[in-house]
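Q: Sequence:
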Amino acid sequence: SKSDVESKEENRIPPAVVPAGTSEEKPVVADTLGDAERKVQQEIGKEFTAMVASGTVHVIEAASLATKKVVQKYDT
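Per our numbering, residue 8 is the first one in the sequence shown, and the count goes up by one each step.
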């Protein structure tokens with residue numbers, strides 16, 4: 008009906024307004040650097056949580072030690 012067509016046209020975003028880089032035709036590229044960063048952050052978080060839970064170190068010290076431990080693990 009005419010009202011259906013009008014409401015579809017009202018909801019349509021004009022091409023000039025669509026932000027660049029939002030085309031659905033682009034292939035998905037693996038974000039390996041982002042994945043590695045998330046993995047390291049998760050490991051730091053786990054180490055930090057374990058250290059704080061033990062109650063033997065202060066929070067700021069636990070943050071530093073957890074980061075150092077994970078960085079040393081991956082340092083080649």
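Worth flagging that the hints you see were computed from the coordinates, not collected in a lab.
Every value quoted in this text rests on a predicted model; they were computed, and no experiment measured them.
Check before you lean on any hint, since a few could be wrong.
Mimicking DSS-like on lysine-lysine, the simulated pairs with C-alpha atoms at most 27 Å apart in a straight line are [stated by the list, open to error]:
hint: 1; residue 1: K46; residue 2: K76
hint: 2; residue 1: K80; residue 2: K53
hint: 3; residue 1: K75; residue 2: K46
hint: 4; residue 1: K53; residue 2: K76
hint: 5; residue 1: K53; residue 2: K75
hint: 6; residue 1: K80; residue 2: K46
Each pair of labels, with its calculated beta carbon distance range [as the list claims (entries may be wrong)]:
hint: 7; residue 1: S71; residue 2: R45; range: 28 to 36 Å
hint: 8; residue 1: A37; residue 2: S61; range: 35 to 43 Å
hint: 9; residue 1: T39; residue 2: S61; range: 18 to 26 Å
hint: 10; residue 1: T39; residue 2: T74; range: 17 to 25 Å
hint: 11; residue 1: H65; residue 2: E44; range: 21 to 29 Å
hint: 12; residue 1: A37; residue 2: V59; range: 28 to 36 Å
hint: 13; residue 1: G41; residue 2: T74; range: 30 to 38 Å
hint: 14; residue 1: D82; residue 2: K53; range: 26 to 34 Å
hint: 15; residue 1: T39; residue 2: G62; range: 35 to 43 Å
hint: 16; residue 1: H65; residue 2: T39; range: 17 to 25 Å
Ideal Cβ positions, reconstructed from N, Cα and C, are used throughout, including at glycine.
Q: The structure should be examined with respect to each hint, and the outcome stated for every one.
A: Consistency of the hints with the structure:
no., hint, verdict
1, K46 x K76, "holds (14 Å)"
2, K80 x K53, "holds (14 Å)"
3, K75 x K46, "holds (15 Å)"
4, K53 x K76, "holds (11 Å)"
5, K53 x K75, "holds (13 Å)"
6, K80 x K46, "holds (13 Å)"
7, S71 x R45: 28 to 36 Å, "violated (21 Å)"
8, A37 x S61: 35 to 43 Å, "holds (37 Å)"
9, T39 x S61: 18 to 26 Å, "violated (33 Å)"
10, T39 x T74: 17 to 25 Å, "holds (21 Å)"
11, H65 x E44: 21 to 29 Å, "holds (26 Å)"
12, A37 x V59: 28 to 36 Å, "holds (34 Å)"
13, G41 x T74: 30 to 38 Å, "violated (19 Å)"
14, D82 x K53: 26 to 34 Å, "violated (18 Å)"
15, T39 x G62: 35 to 43 Å, "holds (37 Å)"
16, H65 x T39: 17 to 25 Å, "violated (35 Å)"
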